[in-house]
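Asks: Please model the entire structure based on the sequences and the hints provided.
Protein chains in written order, with our numbering: chain A, 1 to 353; chain B, 1 to 353.
Worth double-checking, as some hints may not be accurate.
Copies of the same chain look alike in the list, so a pair counts if it fits in one copy or across any two.
Below, simulated DSS-like cross-link-like pairs (lysine-lysine); rule was C-alpha separation at most 30 angstroms, straight line [stated by the list, open to error]:
no. : residue 1 : residue 2
1   : Lys236    : Lys99
2   : Lys236    : Lys249
3   : Lys221    : Lys99
4   : Lys221    : Lys170
5   : Lys236    : Lys221
6   : Lys236    : Lys170
Hints in this document: simulated from the structure, not taken from any laboratory.
Protein chains: 2
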Amino acid sequence: MTAAIQDSRFMRALRREPVDRTPIWLMRQAGRYLPEYLATRAEAGDFLTLAGTPEMAAEVTLQPIRRYGFDAAILFSDILILPHEMGLGLGFTPGEGPKFERPLRDPQEIHALPRLDPNEATGYVMDAVRLIRRDLPEDVPLIGFAGSPWTVATYMIEGGSSRDFKLAKKMLLEHPEDADALIRLLADSTADYLLAQVEAGVNAVMVFDSWGGALSPAMFKRFSLAGMQRIVDRVKASAPETPVILFAKGCGGMLESLADTGCQALGVDWTTRLSDARTRVGDRVALQGNLDPVVLTTNPEVVERAVADVLEDFGPGSGHVFNLGHGITPDVPVEHVQVLVDTVRRLSQRRSA
Amino acid sequence: MTAAIQDSRFMRALRREPVDRTPIWLMRQAGRYLPEYLATRAEAGDFLTLAGTPEMAAEVTLQPIRRYGFDAAILFSDILILPHEMGLGLGFTPGEGPKFERPLRDPQEIHALPRLDPNEATGYVMDAVRLIRRDLPEDVPLIGFAGSPWTVATYMIEGGSSRDFKLAKKMLLEHPEDADALIRLLADSTADYLLAQVEAGVNAVMVFDSWGGALSPAMFKRFSLAGMQRIVDRVKASAPETPVILFAKGCGGMLESLADTGCQALGVDWTTRLSDARTRVGDRVALQGNLDPVVLTTNPEVVERAVADVLEDFGPGSGHVFNLGHGITPDVPVEHVQVLVDTVRRLSQRRSA
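Replies: Here it is, written out as structure tokens:
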């Protein structure tokens with residue numbers, strides 16, 4: 001990793017070192033609220049072509065950096081690329097979300113799943129990383145990512161999105177040993193995948209546990225946290241310079257356990273106060289978050305006030321990366337994102353001055 | 001309230017007094033998993049006729065008591081009856097959930113909403129309560145209920161169910177004073193409605209805050225908790241013998257604030273351990289919960305083990321009402337509910353012996 005990257009606001013904040021102002025990037029910043037994204041998306045035709053064509057994935061990754069100068073870029077990809085390449089057959093029906101052609105319903109099938117070579121099965125992702133790293137300003141860090149084993153498993157078992165995760169939970173409850181094996185396999189494949197991204201040029205990695213909040217604490221620890229722990233351990237062992245950010249949405253009660261994994265930062269959604277999170281775990285990890293994305297659909301005055309609240313709630317001192325508490329939504333006006341970015345810069349500069 | 005009711009397991013547990021075994025009832029116990037419910041539902045034709053015809057509402061309320069001998073009955077009704085009678089025009093499209101014909105989109109309309117006389121506008125609910133109380137075994141308590149002001153407001157503003165509550169949150173963010181007025185009006189109407197239920201014969205009341213978990217802590221306090229506080233204050237002032245149970249789903253981080261309202265018990269969903277809840281607030285309130293309803297779709301062995309886990313997690317001592325962490329789902333086999341009830345009785349009796 002270059003000195004320019006190591007010394008960037010984002011990397012310094014992840015190490016809880018002082019910064020001139022709070023770094024900011026947004027989950028799903030390369031997304032449908034941007035007209036330039038929609039243009040590239042239309043050119044690609046479908047989502048898998050967009051994510052699977054390195055030049056296009058690189059282009060949409062860079063677009064929000066050009067427009068807003070965010071303090072970090074995040075690879076454009078999807079958490080379901082891995083199970084797709086494992087053979088489940090991902091498809092996107094417009095308005096319906098992701099669907100697997102061959103969902104995992106029989107626990108015996110778990111033991112036949114392949115462990116992928118990430119450079120072979122997902123070489124196009126690594127090519128995208130190399131292109132992005134080539135074209136990104138040299139002081140802007142690039143974040144790689146993957147889904148958490150439990151979250152990826154929910155889609156594999158349910159065959160798509162779910163409200164109650166009934167089939168996935170039934171697998172955990174009725175076939176816990178097979179489920180353990182699935183989580184282990186996914187954790188190992190995900191660690192391989194993230195380490196290949198690091199090799200190709202990403203500077204930090206983030207693991208998204210979108211559905212950990214559906215589980216009881218005991219099941220969260222056995223099936224969600226255990227998978228993330230295995231990933232953190234592998235990344236720390238093989239790429240100790242690369243910070244790991246864990247984001248478990250709806251898991252405010254689990255922050256201590258998540259910090260105990262040895263990760264460098266935790267994503268926090270808007271249902272937990274940053275000040276509360278900081279009291280509980282802030283001496284061990286940096287915190288990333290936590291504006292409710294709905295705020296960006298209101299008006300500039302409300303955005304400014306809400307940004308001030310988040311910064312004030314985190315309070316003085318280092319270790320904060322400004323972000324949303326969930327991905328930005330397609331209906332957000334681009335001007336409101338500019339207000340957000342400007343406000344974070346103005347208010348956090350004053351704060352650190 | 002009669003001595004038989006006051007001395008029932010359920011009422012004793014709410015007062016955190018010793019019981020011979022842990023009382024049990026289930027959220028949505030009068031529901032579609034029961035063949036006898038489906039028969040009455042078919043006879044009624046549609047949901048509003050079922051909820052609006054006192055004889056039918058009474059019949060489905062009593063059905064699960066006859067079949068399982070639950071330790072409490074809960075009035076069969078719906079949290080959207082109040083806004084329906086306020087003039088929003090509730091309808092149920094099969095497979096789509098509730099829809100209001102005239103959703104509340106203009107903040108000015110809030111100030112024109114009527115405060116209802118519950119005995120006039122919802123006299124059929126009070127008639128159902130009287131019929132149930134007449135036919136229910138004299139030692140079985142009857143629980144009345146309503147939705148929390150915030151939760152009811154989400155349906156009024158969105159016009160139905162929502163995943164992200166964007167319109168409702170926008171109202172809170174852009175028109176906070178109007179939103180305060182809506183919450184106050186709903187809280188006052190709901191308190192009137194619950195007190196009329198008490199007058200008609202219910203022995204405890206429960207307030208369901210299904211969507212408090214979508215809000216940030218600051219917005220939860222201002223818009224969800226404030227409404228529930230107003231209801232608790234009114235019920236305590238006018239019907240001090242009637243316990244109030246608050247259930248805010250997905251609000252494990254808010255249990256202390258909820259207990260501070262002065263309510264008698266808190267519902268707890270499966271994402272918070274009862275032992276953790278007890279450490280934090282159990283010296284002030286009883287706890288009700290918290291089995292994940294998905295467990296009931298698995299098999300008897302898994303049900304028995306999960307029940308044992310919940311009872312063990314609560315631990316020794318009084319103040320526990322066994323329940324699910326959310327409503328029972330239509331796909332649960334009736335035999336599994338029998339296993340659940342038998343297991344709670346067997347294991348908790350041993351525990352208290």
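Asks: Against each hint, give a clear statement of whether it holds in the structure.
Replies: Each hint tested on the structure:
no.	hint	result
1	Lys236 x Lys99	neither (33 angstroms within a copy, 51 angstroms between copies)
2	Lys236 x Lys249	within (23 angstroms within a copy, 36 angstroms between copies)
3	Lys221 x Lys99	within (27 angstroms within a copy, 38 angstroms between copies)
4	Lys221 x Lys170	within (17 angstroms within a copy, 35 angstroms between copies)
5	Lys236 x Lys221	within (20 angstroms within a copy, 40 angstroms between copies)
6	Lys236 x Lys170	neither (33 angstroms within a copy, 42 angstroms between copies)
Of the hints listed earlier, those the structure fails to meet are numbers 1, 6, in rising order.
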